[in-house]
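Asks: Sequence:
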Amino acid sequence: MDEARASQSRRPRLGQLVTSRAGRDTGHAYLVVGVRPDGRVLVADGEHRPQARAKAKNPRHLWLHDRVAEGLSARLANQQAVTDGELAAALKALLAELNGAG
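Numbers 1 to 102, taken from UniProt numbering, label the letters of the sequence shown in order.
Check each hint, because a few of them may be wrong.
Calculated cross-link-like contacts (lysine to any residue; reagent style SDA-like; alpha-carbon spacing at most 25 Å) [said to hold, decoys possible]: (1) 55 to 40; (2) 55 to 24; (3) 55 to 80; (4) 92 to 27; (5) 92 to 40; (6) 92 to 47; (7) 55 to 27; (8) 55 to 83; (9) 55 to 29; (10) 92 to 49; (11) 55 to 37; (12) 55 to 98.
Just so you know, these hints were derived from the structure itself, not from any lab.
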């Protein structure tokens, strides 16, 4: 099974790196900051899309990457405060890691 198909069969995790593959934000990277009861995924990047205005996305419209900001993931799961600066820094670090620069 190729990576694209495999990524769509998994459920998104809090703090996971995702890329939008549909809509006006196609190609934009985000971190998962929540999952609504209806199954839509809440994503934010800490800069253009702060956590207070997290975007609700259909999970089928997201590429799920195998990178998770573990520290943020635990804090989000425990409903502890995460700043937009922390989100932006974690996103930048995960993107650098994904692109082989880190």
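Asks: Are residue 55 and residue 40 close enough, with their CA atoms no more than 25 Å apart?
Replies: The hint holds at about 9 Å.
Asks: Under the criterion that the straight-line Cα-Cα distance not exceed 25 Å, is the pair residue 55, residue 24 satisfied?
Replies: 12 Å, holds
Asks: Measure nothing beyond the straight line between the CA atoms of residue 92 and residue 49; if it is 25 Å or shorter, mark the hint as holding.
Replies: 14 Å, holds
Asks: CA of residue 92 to CA of residue 47, is that 25 Å or under?
Replies: 11 Å, holds
Asks: Sort out whether residue 40 lies within 25 Å of residue 92, counting only the CA atoms.
Replies: 24 Å, holds
Asks: Check the hint pairing residue 55 with residue 29 against an upper bound of 25 Å on the C-alpha distance.
Replies: 12 Å, holds
Asks: Given the hint that residue 55 pairs with residue 80, test it: the Cα-Cα distance must not exceed 25 Å.
Replies: This hinted pair holds, its Cα atoms lying about 19 Å apart.
Asks: Run the distance test for residue 55 versus residue 37: straight-line Cα separation, threshold 25 Å.
Replies: Roughly 15 Å separates the two Cα atoms, so the pair holds.
Asks: Holds or violated: are the alpha carbons of residue 55 and residue 27 at most 25 Å from each other?
Replies: Between residue 55 and residue 27 the Cα gap is close to 14 Å, so the pair holds against 25 Å.
Asks: Given the hinted pair residue 92 and residue 27, is their Cα-Cα distance within 25 Å?
Replies: 15 Å, holds
Asks: Just to be careful, I want the Cα atoms of residue 55 and residue 83 compared with a cutoff of 25 Å; is the pair within it?
Replies: Holds, at about 16 Å.
Asks: Would the pair residue 55 and residue 98 pass a check requiring their Cα atoms to be no farther apart than 25 Å?
Replies: Holds, at roughly 23 Å.
The structure fails none of the hints (numbered hints given earlier).
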